[in-house]
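Student: Letter by letter, the chains look like this.
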Amino acid sequence: MDFSIGIKGQDYVILAEDMNAAHSIILNQQDHTKMLDLNDHLLLARTGELGDGVQCAEYLQKNIQLYQLRNGYEMRSNAAANYIRKYLADSIRSQEPMNVNILLAAYDTISKEPQLYYIDYMGSMATVPFAAHGHGALFSLGIIDRYYSRSMSRDEALSVLKKCIVELKKRFIVNYTSFNVQVVDSQGIHQLDRIVA
Amino acid sequence: MSIDEYNGCAIVAMVGKDCVALATDTRFGVQRSTITTDFQRVFQMGPRLFVAMSGLVTDAYTVSARLKYRLNLYELRENRPVSPSVFVSMVSNLLYERRFGPYFSTPVIAGLDPTSGKPFIAGFDCIGDPSIGSDFITDGTAGEQLMGMCETFWRPDLNK
Chain A
1 MDFSIGIKGQ DYVILAEDMN AAHSIILNQQ DHTKMLDLND HLLLARTGEL GDGVQCAEYL
61 QKNIQLYQLR NGYEMRSNAA ANYIRKYLAD SIRSQEPMNV NILLAAYDTI SKEPQLYYID
121 YMGSMATVPF AAHGHGALFS LGIIDRYYSR SMSRDEALSV LKKCIVELKK RFIVNYTSFN
181 VQVVDSQGIH QLDRIVA
Chain B
1 MSIDEYNGCA IVAMVGKDCV ALATDTRFGV QRSTITTDFQ RVFQMGPRLF VAMSGLVTDA
61 YTVSARLKYR LNLYELRENR PVSPSVFVSM VSNLLYERRF GPYFSTPVIA GLDPTSGKPF
121 IAGFDCIGDP SIGSDFITDG TAGEQLMGMC ETFWRPDLNK
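Protein chains in written order, with our numbering: chain A, 1 to 197; chain B, 1 to 160.
For the record, the hints were derived by calculation from the structure and aren't laboratory data.
Please note that a few of the clues may not be correct.
Stated by the list, open to error - Quick list of in silico lysine-lysine cross-link-like pairs, DSS-like style, CA-CA up to 30 angstroms:
(1) B:K68 to A:K112
(2) A:K62 to B:K68
(3) B:K68 to A:K86
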């Protein structure tokens with residue numbers, strides 16, 4: 001019942017995620033952060049099984065940091081995305097597959113391009129201008145299709161994001177009280193104000 | 001829904017006069033939802049050798065990466081570009097290694113022989129049975145529909 005959404009602009013990528021931590025019918029926490037910085041310019045938003053998500057994200061974060069320690073430079077966005085993809089592709093055919101869907105927001109400091117990767121729990125990967133995971137995606141993608149343009153500003157992207165949240169509030173059975181929003185750009189990863197639905 | 005239909009695709013390869021053509025759809029979907037409409041399914045393996053991967057996208061990436069790895073090692077050892085018939089054996093071997101837990105993705109090869117320039121196309125099933133085509137190969141969820149179109153319109157020695 002998680003929801004994550006990403007929108008890529010000219011020089012930024014905005015990622016937003018719901019903050020519910022639930023198990024079956026019990027809502028344990030309403031301000032749980034499910035996004036993790038993998039390095040200075042990589043942000044991972046995960047949906048799916050909560051425990052798997054934490055294990056997966058922390059494992060990936062530590063290995064991407066290790067790459068940086070060993071080599072002296074950050075892992076590039078494309079390399080990190082493919083590394084994460086392979087990790088999930090190996091996991092799906094293992095004894096205990098990880099049930100984690102990922103949106104990876106990245107800023108490639110060498111080519112000076114923002115990137116957004118959609119990686120699902122089986123290891124299917126695509127580079128996308130915008131994407132969403134979870135049931136909320138079915139409500140949101142049409143809205144973003146209507147209003148998206150590559151040249152939109154951050155404020156415009158946030159207003160489109162808010163339109164999606166209004167729609168979820170109105171028509172989606174799960175009540176998301178607030179959304180965690182972060183942006184990745186050339187300066188790094190920044191926390192934006194939470195959107196309270 | 002079958003695993004082959006989870007992502008869905010349409011692939012067709014055709015032989016022409018001293019040329020081959022390979023076409024794929026560019027939809028990346030998850031069941032009824034479309035994620036992106038500019039998805040690349042074709043992977044270049046050599047200057048005149050292309051492989052299009054059908055079926056499950058995660059396996060399409062995995063198989064094409066493993067194939068490229070083996071191809072690179074071959075070309076480093078042999079110091080020459082791979083010929084299509086050898087490449088077919090390579091693909092077949094890679095897929096059969098997973099006979100009892102197969103990849104849900106099948107390649108369609110289209111290329112020209114590096115020495116003779118002769119057009120070459122081939123298709124496979126998910127465990128590596130090769131079908132070397134003299135006219136056209138179709139694959140994917142729209143495979144049968146494409147087969148019908150090809151049967152109607154294809155004739156030998158079509159120019160590009």
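Student: It remains to establish, for every hint, whether it holds in the given structure.
Tutor: Outcome of the hint check:
Under the criterion of a C-alpha separation no larger than 30 angstroms, the hint pairing K68 (chain B) with K112 (chain A) is consistent with the structure, at around 28 angstroms. A hinted pair counts as satisfied when its Cα atoms are at most 30 angstroms apart, and K62 (chain A) with K68 (chain B) qualifies at roughly 28 angstroms. Between the alpha carbons of K68 (chain B) and K86 (chain A) the distance comes to roughly 15 angstroms, so the proposed pair stays at or under 30 angstroms and holds.
Checked against the numbered hints listed earlier, the structure breaks none of them; every hint is satisfied.
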